[in-house]
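Trainee: Chain by chain, the residues:
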Amino acid sequence: MTVSRPWRIGLRTLALLYLGALLFVPVGLIFYRTFEHGIGAVWASITTPAAIHAFQLTLEVTAIAVPLNTIFGVVMALALARGSWRGKGLVNALIDLPFAVSPIVIGLSLVLVYGIHGWLGSSLTKAGIQVIFSLPGIVLATIFVSLPFVVREVTPVLKEVGDEQEQAASTLGAGAWTTFRRVTLPSIRWGIAYGVVLSVARCIGEFGAVSVVSGKIAGETDTLTLLVEKRFSNFDLAGAYAASALLALIALATLLAMTTMNRRREEGDA
Amino acid sequence: MSATALTVPARRAERSYGALGLGLATLWLSVIVLLPLSAVVVHGLSGGAGAFWDAVTSAQAIAALRFTVLVSLATVALNVLGGTLIAWVLVRDRFPGKRVVNALIDLPFALPTIVAGLVLLTLYGQRSPLGIDVAFTQVAVLLALLFVTLPFVIRSVQPVLIELDREMEEAALSLGAGNATIFRRVVLPNLAPAILSGAALAFARAVGEFGSIVLISGNIPFKTQVSSVYVFNLIESDAPISAAAVSTVLLGVSLLVLLAIRGLGRWGARHDR
Amino acid sequence: MISVSGVTKRFGDYVALDDVSLEVPDGSLTALLGPSGSGKSTLLRIIGGLESPDVGRVEIHGEDQTDVSARRRGIGFVFQHYAAFKHMTVRDNVAFGLTVRKRPKAEVAARVDELLEIVGLAGYQRRYPSQLSGGQRQRMALARALAVEPRVLLLDEPFGALDAKVRADLREWLRRLHDEVHVTTLLVTHDQEEAMSIADQIAVMDHSRIEQVGTPRELYDRPATPFVMRFLGPVTQLGEALVRPHDIALSHEARPGSHEAQVARVVHLGFEVRAELVLGDGEELAVQLTRGEADELELAVGDIVHVRSTALPRALASDERREPEADALSA
Chain A
1 MTVSRPWRIG LRTLALLYLG ALLFVPVGLI FYRTFEHGIG AVWASITTPA
51 AIHAFQLTLE VTAIAVPLNT IFGVVMALAL ARGSWRGKGL VNALIDLPFA
101 VSPIVIGLSL VLVYGIHGWL GSSLTKAGIQ VIFSLPGIVL ATIFVSLPFV
151 VREVTPVLKE VGDEQEQAAS TLGAGAWTTF RRVTLPSIRW GIAYGVVLSV
201 ARCIGEFGAV SVVSGKIAGE TDTLTLLVEK RFSNFDLAGA YAASALLALI
251 ALATLLAMTT MNRRREEGDA
Chain B
271 MSATALTVPA RRAERSYGAL GLGLATLWLS VIVLLPLSAV VVHGLSGGAG
321 AFWDAVTSAQ AIAALRFTVL VSLATVALNV LGGTLIAWVL VRDRFPGKRV
371 VNALIDLPFA LPTIVAGLVL LTLYGQRSPL GIDVAFTQVA VLLALLFVTL
421 PFVIRSVQPV LIELDREMEE AALSLGAGNA TIFRRVVLPN LAPAILSGAA
471 LAFARAVGEF GSIVLISGNI PFKTQVSSVY VFNLIESDAP ISAAAVSTVL
521 LGVSLLVLLA IRGLGRWGAR HDR
Chain C
544 MISVSGVTKR FGDYVALDDV SLEVPDGSLT ALLGPSGSGK STLLRIIGGL
594 ESPDVGRVEI HGEDQTDVSA RRRGIGFVFQ HYAAFKHMTV RDNVAFGLTV
644 RKRPKAEVAA RVDELLEIVG LAGYQRRYPS QLSGGQRQRM ALARALAVEP
694 RVLLLDEPFG ALDAKVRADL REWLRRLHDE VHVTTLLVTH DQEEAMSIAD
744 QIAVMDHSRI EQVGTPRELY DRPATPFVMR FLGPVTQLGE ALVRPHDIAL
794 SHEARPGSHE AQVARVVHLG FEVRAELVLG DGEELAVQLT RGEADELELA
844 VGDIVHVRST ALPRALASDE RREPEADALS A
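In the order they appear, the protein sequences are chains A, B and C. Heads up: the first sequence runs through residues 1 to 270, numbered per the numbering used here. Heads up: the second sequence runs through residues 271 to 543, numbered per the numbering used here. Heads up: the third sequence runs through residues 544 to 874, numbered per the numbering used here.
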């Protein structure tokens with residue numbers, strides 16, 4: 001279809017207006033509002049003990065959840081792309097559940113299992129291990145919501161690359177682990193990297209599930225996202241903006257990483 | 271030593287590593303995801319069918335569910351139109367800054383939902399520079415959902431549009447069709463599965479959304495309260511069984527949508543060869 | 544008749560067509576023949592209205608069509624990769640042009656059946672393109688293009704995506720179809736055998752220009768440039784002249800104008816025999832003989848023989864065009 005010039009400009013304008021009103025202007029505005037009163041105020045706001053702790057907690061949780069889900073992701077991707085086994089279709093569908101389930105339901109489900117009266121929680125509490133309202137609960141919630149990303153990025157790469165190289169390595173005498181380390185892993189490294197970036201963004205940004213399981217104990221179980229909400233509820237609008245701007249910057253950095261990787265991947269394919 | 275003598279034991283080892291890995295991965299999936307979700311269902315039913323029914327059909331539960339479904343459908347409808355348009359412009363048009371715009375489309379994926387809510391509140395809430403204040407209204411919920419589901423249809427349609435055989439459009443043109451006809455009879459039917467997939471993903475996301483709605487909607491029962499917020503309130507007011515019951519309904523909706531997406535994937539590929 | 548005059552087309556810095564002019568007679572089957580990058584597809588698309596020229600005119604049946612959209616030129620276009628509407632049945636594909644013109648259903652159905660009969664796809668109405676072979680899809684595409692009774696049929700390397708055997712069958716079938724239907728047909732191809740075997744007239748293109756236009760016989764026997772000669776058939780060099788291997792006479796005795804050469808190899812290719820010779824100056828020469836001729840001569844490796852050209856004086860090797868500007872030398 002060759003669209004005539006007036007139509008093309010019209011469609012473009014409409015699209016950009018939609019995006020502007022919904023995305024660009026609101027995000028731009030929040031940066032403006034945040035730095036309206038100078039960087040000093042913002043810096044002070046994000047370096048309070050509560051903020052620093054929230055930041056540290058968020059990073060800690062991410063640092064635990066992402067590597068675990070990456071290992072899971074790669075192993076599961078290998079199983080999905082290479083094998084045919086009973087239940088494969090079902091597992092494949094189940095992996096998407098964290099995308100489709102409400103974060104509140106996720107939070108509730110963890111409370112029901114690991115809470116004081118929960119299925120596993122009751123025994124854990126007796127053993128002195130607290131999950132809900134404590135770090136482990138937040139970690140579990142974060143693992144849940146970020147579970148599918150690495151699998152979903154690596155599986156299509158594995159399928160496309162095919163297993164001929166691995167077969168070649170095998171005929172040359174390489175064992176399973178060596179083949180994996182020297183042949184398979186390098187071929188999927190961009191898929192893994194991309195999946196990791198997406199997972200990290202998701203972990204840092206999780207709110208709903210963590211709302212339920214964290215108990216929001218100030219200075220202890222507040223993640224950065226919970227801090228934003230807490231400050232807002234306490235009418236500390238500037239503080240909420242500051243923390244939000246920090247999170248938005250992290251999000252933009254994520255986008256930058258994603259775009260750069262996408263371009264590298266395309267160049268790698270060419 | 272022949273090559274086969276080397277590969278047979280290697281393949282056997284590979285197979286047992288594979289089986290072990292798959293077993294562990296499935297165990298991980300079950301413990302992290304399946305175990306907790308099944309706890310929700312079991313708990314929801316643990317008070318008996320009567321209690322379950324009461325919790326799910328309480329006036330507030332029904333109001334929340336109806337509002338959730340309606341506003342999610344409206345979100346999806348608008349983002350299907352907007353998203354298809356934006357995908358078209360990104361694929362077929364050229365203008366300075368297009369690459370930046372394309373990258374920014376993913377921002378709702380990367381941004382924490384609570385920040386998204388705050389972001390929309392700044393422009394469309396009480397201190398709006400434009401004077402538009404829709405905070406605490408149903409429109410606010412719609413706006414929040416439009417924001418968080420924006421990328422779904424766009425990212426679903428884009429690759430299909432890129433792969434679309436331009437010669438089909440040229441063939442239609444040579445046969446006498448104008449742009450409107452070409453779009454309606456050639457382009458759209460080939461985009462439909464992707465549009466619907468994106469729509470289904472957006473719907474699933476919208477129905478469960480919490481963080482972006484919590485600040486901007488005011489969570490007024492019977493007016494701007496969505497099911498996820500209702501469940502949250504039930505949890506906070508220590509009514510876990512009712513919370514679990516309503517959650518079970520939400521889970522059911524999620525599962526249905528997941529199945530629909532799979533089916534759409536297969537339907538979309540039916541003429542591929 | 545189709546008349547193209549002075550057409551130039553650029554894509555950025557790249558010149559796809561450079562002052563091209565061509566006339567295609569009514570009812571003929573004309574081939575645009577050339578290597579990839581010669582501009583033949585671009586010319587076809589400009590004639591069809593899918594591209595517009597930067598300079599020049601396109602006239603169909605006397606009407607200036609240069610700025611007319613492909614929709615309204617009354618052309619039928621067939622693409623190399625079929626461009627089938629994969630979401631529609633064969634019947635809906637073929638009917639497309641008619642339904643766009645809002646013809647009554649009964650008329651459409653009758654015409655579709657008639658066309659599917661003609662292209663040998665009767666009974667395939669309900670199938671989808673994904674269920675057809677490549678050759679079948681292309682026949683469907685032809686039926687689709689013919690459905691609206693175009694005054695010109697344009698085919699862009701229609702058999703390029705098919706197996707050699709299917710390609711050969713379909714090309715003959717196309718010629719027979721053309722003899723029945725008599726639509727002015729313009730065919731783009733890089734396969735000289737294809738062009739030679741079915742076209743009434745061939746326009747040979749290279750590097751955005753038309754080198755020569757003529758019947759297959761004319762082009763083969765009297766090529767205007769070395770390029771045309773090389774493209775349409777085997778060529779070998781005897782001294783300064785380019786000669787066809789079968790236009791060389793071999794004898795054991797010297798003849799006026801003959802060159803001396805030594806037999807390096809004799810290859811028996813069934814009915815034909817190829818003698819590979821080395822000339823006095825070290826240059827290699829290939830001569831094509833029939834089996835009878837070879838037997839008569841009793842050639843053996845190492846023999847000294849005499850060769851001379853039996854063809855009319857023609858293009859010289861020194862006429863080889865290097866750059867488009869070095870035009871002045873060619874015939």
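FYI, nobody ran anything at the bench for these hints, they're computed from the structure. Where hints are given, some of them may not hold.
[Unchecked claim] If the Cβ cut is set under 7 angstroms, some of the chain C residues that face chain B in the computed set are:
{"no.": "1", "residue": "F554"}
{"no.": "2", "residue": "Y557"}
{"no.": "3", "residue": "L593"}
{"no.": "4", "residue": "A613"}
{"no.": "5", "residue": "H630"}
{"no.": "6", "residue": "K645"}
{"no.": "7", "residue": "G666"}
{"no.": "8", "residue": "Y667"}
{"no.": "9", "residue": "L675"}
{"no.": "10", "residue": "S676"}
{"no.": "11", "residue": "Y763"}
{"no.": "12", "residue": "R765"}
[Stated by the list, open to error] Here are the computed distance ranges between Cβ atoms for each label pair:
{"no.": "13", "chain 1": "C", "residue 1": "E783", "chain 2": "B", "residue 2": "G448", "range": "30 to 36 angstroms"}
{"no.": "14", "chain 1": "C", "residue 1": "T833", "chain 2": "A", "residue 2": "E267", "range": "52 to 58 angstroms"}
{"no.": "15", "chain 1": "A", "residue 1": "R264", "chain 2": "B", "residue 2": "D403", "range": "51 to 57 angstroms"}
{"no.": "16", "chain 1": "B", "residue 1": "E433", "chain 2": "C", "residue 2": "V598", "range": "17 to 23 angstroms"}
All C-beta atoms, glycine included, are put in the ideal place defined by N, C-alpha and C.
Trainee: Once the shortest beta carbon distance from L675/C to chain B is found, is it less than 7 angstroms?
Mentor: Result: violated, 9 angstroms to nearest chain B Cβ.
Trainee: Return the status of the interface hint for F554/C: holds when the least beta-carbon distance to chain B is below 7 angstroms, violated otherwise.
Mentor: violated (15 angstroms)
Trainee: Starting from the range 30 to 36 angstroms, see whether the pair E783/C and G448/B falls in it by beta-carbon distance.
Mentor: violated (59 angstroms)
Trainee: Using the beta carbons of E433/B and V598/C, state whether their distance is inside 17 to 23 angstroms or not.
Mentor: About 35 angstroms separates the Cβ atoms of E433/B and V598/C, which means 17 to 23 angstroms is violated.
Trainee: Go through the hint on H630/C and say holds or violated, using the shortest Cβ distance to chain B against 7 angstroms.
Mentor: Since the shortest Cβ distance to chain B is 5 angstroms, the answer is holds.
Trainee: With a cut-off of 7 angstroms on the beta carbons, see whether G666/C makes it to chain B.
Mentor: violated (20 angstroms)
Trainee: Against chain B, with CB atoms and a cut of 7 angstroms, does the hint on Y763/C hold up?
Mentor: With a closest approach of 33 angstroms, the Y763/C hint is violated.
Trainee: May I ask you to test the interface hint for L593/C with respect to chain B, counting a Cβ-Cβ separation under 7 angstroms as satisfied?
Mentor: holds (5 angstroms)
Trainee: Is the hinted range of 51 to 57 angstroms satisfied by the C-beta distance from R264/A to D403/B?
Mentor: violated (44 angstroms)
Trainee: Mind checking the CB of Y667/C against every CB in chain B and telling me if the closest is under 7 angstroms?
Mentor: violated (15 angstroms)
Trainee: May I ask you to test the interface hint for Y557/C with respect to chain B, counting a Cβ-Cβ separation under 7 angstroms as satisfied?
Mentor: Y557/C check fails; min Cβ-Cβ to chain B is 19 angstroms, beyond 7 angstroms.
Trainee: Against chain B, run the beta carbon of A613/C and see if the smallest gap drops under 7 angstroms.
Mentor: holds (5 angstroms)
Consistency note: the structure conflicts with the earlier hints numbered 1, 2, 6, 7, 8, 9, 10, 11, 12, 13, 15 and 16.
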